[in-house]
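Asks: Take these sequences, add in the hints, and give me the full structure.
Note that the numbering used here numbers the sequence shown so that position 193 is 197, with each residue one more than the last.
These are computed hints drawn from the structure, not numbers from a lab. Glycine residues also receive a C-beta, built at the ideal position from the N, C-alpha and C atoms.
When the alpha-carbon atoms are kept at most 30 Å apart in a straight line, the in silico DSSO-like pairs for lysine-lysine are as follows:
{"#": "1", "residue 1": "LYS101", "residue 2": "LYS31"}
{"#": "2", "residue 1": "LYS153", "residue 2": "LYS101"}
{"#": "3", "residue 1": "LYS248", "residue 2": "LYS153"}
Restraint ranges, calculated between C-beta atoms of paired labels, are given here:
{"#": "4", "residue 1": "ALA15", "residue 2": "SER147", "range": "42 to 48 Å"}
{"#": "5", "residue 1": "THR109", "residue 2": "GLU186", "range": "45 to 51 Å"}
{"#": "6", "residue 1": "ALA15", "residue 2": "GLU71", "range": "54 to 60 Å"}
{"#": "7", "residue 1": "ASP185", "residue 2": "GLU272", "range": "17 to 23 Å"}
{"#": "8", "residue 1": "ASP286", "residue 2": "GLU47", "range": "41 to 47 Å"}
{"#": "9", "residue 1": "SER32", "residue 2": "THR110", "range": "18 to 24 Å"}
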Amino acid sequence: MSAPTAERQTADRHQTAERLLKSSAKKSYDPAVDIDWDAPLVEGGIWVPEHRVSLYGTELWERMTPEQRVELGKHEACSVASVGLWFEVLLMQRLLKDFYAEDPTTPRAQYALTEVADECRHSQMFARMVRTAGVEPYGPQESIRQLGKLFSVVSWGPAAYGAILVAEEVLDRLQREQANDERIQPLMRQVNRIHIMEEARHVSFARDEVTRGMAQLSRTEKAYQQFIIAYISMFVVRSLINPKVYASVGIDPAVGRRAALGNPHHREMIRWAGEKIMPFLDEAGLVGRPGMTWWRRSFLLGEPGDR
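Replies: Now the structure itself:
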């Protein structure tokens, strides 16, 4: 069977974009309207399941009171939301950079703008949730924030969209677990539901970009893509919990950070959250030897003996 022509590939990409544009027109949310921001928070409600808190199972966890555990969970949830907001800004930059180089009248270009509009609303939603929770908008550590400025410079094509998929699908798995958990704050659950619904389209678009992009690369280009996605993904995963959250319960941030990174429960949570995306990236050819050290450090592939 002969490889599809460039014209056929372009037509297929636009066909995918057309489908996603129709889906966006049928089902999109406005968080300003679809979330009751004036509803009071539920007293005693949790923000994440206890077993998803980074210090769960550690000696530090055992010393904490039930109230401190809930408080740390709230701060970690808001850290993830504010870091997720930052990820979405990087995604918007990538989409607009691609749009800049494309015919603006094509379905693909039109969908890129539609996704940017979705992400603008999501960023506002996450920021408003953090403010409603009364928590600092932690965002990533400053060193990671500075590295983020290089994202659209050092990454392009499959690696750029693949790294975006890592962020989106890791968060998606955690959010799906929480969305129907009656113990979780209703505000958090509604934010998760909206994000899950609209991110499904974004994931479809990014997966299509990865698959098509990898088919066009040389061996050398693939090696670079394998390295850069692993390197970026390691920072994506490790930046979700800003160490400053530990100060909210009287734990030195450096001590809390070390405990979390060495915590088998936390490492397993990350591996579990990446169970859906990692096989896809592997099949697409983005998981390879040039990046294996960084994949290991991300915990997305588990321990060295697991692969």
